[in-house]
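A.B. asks: Now for the letters of each chain:
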Amino acid sequence: DTGVSQDPRHKITKRGQNVTFRCDPISEHNRLYWYRQTLGQGPEFLTYFQNEAQLEKSRLLSDRFSAERPKGSFSTLEIQRTEQGDSAMYLCASSGGLAGTNEQFFGPGTRLTVL
Amino acid sequence: GEDVEQSLFLSVREGDSSVINCTYTDSSSTYLYWYKQEPGAGLQLLTYIFSNMDMKQDQRLTVLLNKKDKHLSLRIADTQTGDSAIYFCAENPNDYKLSFGAGTTVTVRA
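Heads up: the protein sequence lines correspond to chains R and G, in order. The working numbering puts the first residue of the first sequence at 12, with every later residue one more than the last. The working numbering puts the first residue of the second sequence at 260, with every later residue one more than the last.
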């Protein structure tokens, strides 16, 4: 395991459909984060997990979005009834979670296009 | 993020030094970070600085921090074509969330 992986890398869907993305963090990391990045902007925080507990959610995370990390390892992010405004790059990151630098290591992202 | 501001573009000649500037707002950030993003890729952590330091050097990278003015800069010495990318400054206002600027697109010309 050399880094954070995300699947799929690209997803094209029609408005109104549901989509699910997966993130596999660095294996020894207990924290996992989801961010969203739109064109020309930096990533914006969506939510994070410490082990299997979801500890914080941004106001950006509407009720159409749900994230899980059932066993404290991989995570899924589901978007229901997608809208064109959901088109973005969805980035996952992980960190060791110990008191320290909070260095977050990012995956390659899933680019979502909603038609 | 609206709390972190960066200039949008920088053009530099190969071999020269690049300086990317950033201002942030949250004085409680314990660490400040620089990330690099190449086209179509995720973010790569380049370096970070602890808030009680004013300088950190790591090979070709030098980070300067002016905590009083909440100003952070990244200097890349001997800039190469492989340094062409978008560079993001990020603050860490709490234990978990990173707040990013909009990114500076660095173009290295021959």
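Hints were generated in silico from the structure; no laboratory data involved. A couple of the hints might just be wrong.
With a Cα cut of at most 27 Å, we get these calculated DSS-like pairs of lysine-lysine [said to hold, decoys possible]:
#	chain 1	residue 1	chain 2	residue 2
1	G	Lys-295	R	Lys-22
2	R	Lys-68	R	Lys-82
3	R	Lys-68	G	Lys-295
Stretch by stretch, here's where chain G covers chain R in the computed footprint (C-beta under 8 Å, at least three residues) [to be verified]:
#	region
4	29-35
5	53-60
Simulated restraints on C-beta separations [claimed, not checked]:
#	chain 1	residue 1	chain 2	residue 2	range
6	R	Asn-62	G	Gln-318	50 to 56 Å
7	G	Asp-262	R	Lys-82	30 to 36 Å
8	G	Phe-309	R	His-21	33 to 39 Å
9	G	Gln-339	R	Arg-122	34 to 40 Å
10	R	Asn-41	G	Gln-318	25 to 31 Å
11	G	Asp-262	R	Gln-28	32 to 38 Å
12	R	Gln-91	G	Met-314	25 to 31 Å
For glycine and all other residues, C-beta sits at the position ideal for the given N, C-alpha and C.
A.B. asks: Please flag the earlier hints that this structure goes against, numbers listed from lowest up.
C.D. replies: 4, 6, 9 and 12
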